[in-house]
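This is what each chain is made of:
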Amino acid sequence: MAKDLCKTLADLKEDEVLAIVEEKLKAGADPMGILADAGRAMEIVGNRFSKSEYFIPDLVYSGEILKKINELVKPKLTEEGGAKTGGKVIIGTVTGDIHDIGKDIVVFMLDVNGFDVVDLGVDVPIQKFVDTIKETSAPVVGLSGFLTLAYDSMKQTIEAIKAAGLRDNTKIMIGGGQITDEIMNYTGADAFGKDAMVGVSLAKKWAGIK
Amino acid sequence: MPVINDIRLNLKKNDVLRRQGFKGYTRIRPEIKTLVLELLESTESTRLLEPTTAYEFYPITGMEPDRVLLQGGAVVNGSLLPSTFPDAKELAAIVCTIGPGLEKQVTEYSRGGETLRAMLLDGIGSAAVDILVQETCRFFSGEASKRGLQASSPVNPGMPGLPITEQRNLLELAHAGDIGVSLTSSGVMVPRKSTSMIIATGPEMKTWTQAEICARCNLRETCPYTVLRS
Chain A
99 MAKDLCKTLA
109 DLKEDEVLAI
119 VEEKLKAGAD
129 PMGILADAGR
139 AMEIVGNRFS
149 KSEYFIPDLV
159 YSGEILKKIN
169 ELVKPKLTEE
179 GGAKTGGKVI
189 IGTVTGDIHD
199 IGKDIVVFML
209 DVNGFDVVDL
219 GVDVPIQKFV
229 DTIKETSAPV
239 VGLSGFLTLA
249 YDSMKQTIEA
259 IKAAGLRDNT
269 KIMIGGGQIT
279 DEIMNYTGAD
289 AFGKDAMVGV
299 SLAKKWAGIK
Chain W
4 MPVINDIRLN
14 LKKNDVLRRQ
24 GFKGYTRIRP
34 EIKTLVLELL
44 ESTESTRLLE
54 PTTAYEFYPI
64 TGMEPDRVLL
74 QGGAVVNGSL
84 LPSTFPDAKE
94 LAAIVCTIGP
104 GLEKQVTEYS
114 RGGETLRAML
124 LDGIGSAAVD
134 ILVQETCRFF
144 SGEASKRGLQ
154 ASSPVNPGMP
164 GLPITEQRNL
174 LELAHAGDIG
184 VSLTSSGVMV
194 PRKSTSMIIA
204 TGPEMKTWTQ
214 AEICARCNLR
224 ETCPYTVLRS
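In order, the protein sequence lines correspond to chains A and W. For what it's worth, our numbering labels the leading residue of the first sequence as 99, then goes sequentially. For what it's worth, our numbering labels the leading residue of the second sequence as 4, then goes sequentially.
Hints are computed from structural coordinates only; laboratory data are not their basis. Any given hint might turn out to be false.
[Said to hold, decoys possible] Derived list of chain W stretches under chain A, where covered just means 3 residues or more per stretch with a C-beta under 8 Å from a C-beta of chain A:
hint, stretch
1, 18-25
2, 30-39
3, 84-92
4, 104-115
5, 190-202
No residue lacks a Cβ here, since even glycine has one placed at the ideal position from N, Cα and C.
Construct all of the structure, not just a fragment, from the sequences and the given hints.
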């Protein structure tokens with residue numbers, strides 16, 4: 099009998115997880131059921147991370163395993179089933195800052211959690227965020243910045259989004275470095291993520307995903 | 004201009020893991036430990052780390068409450084140096100970098116979807132800069148000792164009393180361009196895995212440990228990189 103996919107993925111046993119998925123697919127299991135199990139496992143991973151039982155590399159490792167599961171399952175999915183279900187998220191490192199690794203981790207975790215991520219890169223001009231919101235109607239925007247100089251860029255970007263009449267329909271999270279409530283209030287963002295998992299949780303909450 | 008490029012970085016696994024935010028080394032997954040070791044080896048075999056330090060010593064000609072005057076007319080603004088090292092005889096303006104190779108590889112891993120590798124390698128780069136700073140401080144301690152002086156612990160732009168706006172001045176004083184380090188228009192150092200600092204030398208200079216810095220930092224409870232909970 100196949101081992102429990104949810105528990106095995108939550109325990110980050112990559113080889114076993116992939117073997118279970120292959121076995122299930124061969125046996126004709128519903129691919130959406132496999133993804134649902136994987137989703138539950140990722141919730142457990144998130145809980146373990148919040149309790150400091152897992153660390154950021156574990157989180158990223160779980161995402162990489164999930165990505166491999168998606169690759170195995172994808173050919174078996176219908177077009178509808180294979181679509182991104184989390185909605186669109188625009189993300190970028192604000193103008194003046196060129197740090198990318200934290201942003202890339204958030205992009206990756208959002209992607210494996212079913213979001214359609216528009217990654218604008220680093221040192222993103224303020225107008226680029228405004229234009230991309232207009233083009234995509236993305237309801238969620240993530241502004242990343244590692245240095246203290248990024249706080250002013252975040253504030254100016256949010257002000258420009260507001261001036262363009264887009265703020266009411268756009269939830270904005272900030273992250274990177276040592277962001278606090280005070281900095282969040284200064285920039286005018288709706289929330290901040292102290293790590294990638296919080297970023298995913300915020301995007302899920304705003305997208306109405308449990 | 005003086006450049007040190009024969010610095011041996013003896014990177015230890017624990018230094019690297021601290022830079023990944025791990026707080027309990029025993030709970031790290033074997034897969035991740037293995038990957039860290041593999042990446043560490045790759046940095047040696049592929050020359051991803053090119054540790055280099057550029058510096059210049061400046062005799063101090065005057066000390067005012069909010070600035071230090073240096074021989075040749077240069078000035079370092081801020082109250083930190085005069086208040087912390089009032090007896091300093093000279094300042095060393097220093098810039099250290101591990102070069103651009105590692106961060107290019109990190110970007111390649113990220114673009115290729117290898118996020119875990121990218122993240123761990125980035126952490127190795129940060130740990131390498133930490134060790135480079137330690138080795139550089141050791142060098143300056145030795146240099147000061149040869150002249151019967153002591154070297155202080157390093158201070159960095161952005162610390163209270165040493166404005167971040169002094170960064171551009173410091174890079175010029177250290178001749179950072181000689182080792183390929185520059186600032187973007189917004190003041191970010193390129194390569195990113197670089198750091199700048201000032202070390203004061205004199206008859207009796209203050210020194211402190213990383214643990215003491217962490218203990219006094221207002222982010223000590225939440226900082227994932229603190230040495231206090233290692």
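Results for each hint:
1. 18-25: holds (count 3)
2. 30-39: Contact hint for the stretch 30-39 of chain W vs chain A: holds, 5 residues under 8 Å.
3. 84-92: violated (count 0)
4. 104-115: It holds: at least three residues are needed, and the stretch 104-115 of chain W offers 3 whose Cβ sits within less than 8 Å of chain A.
5. 190-202: holds (count 4)
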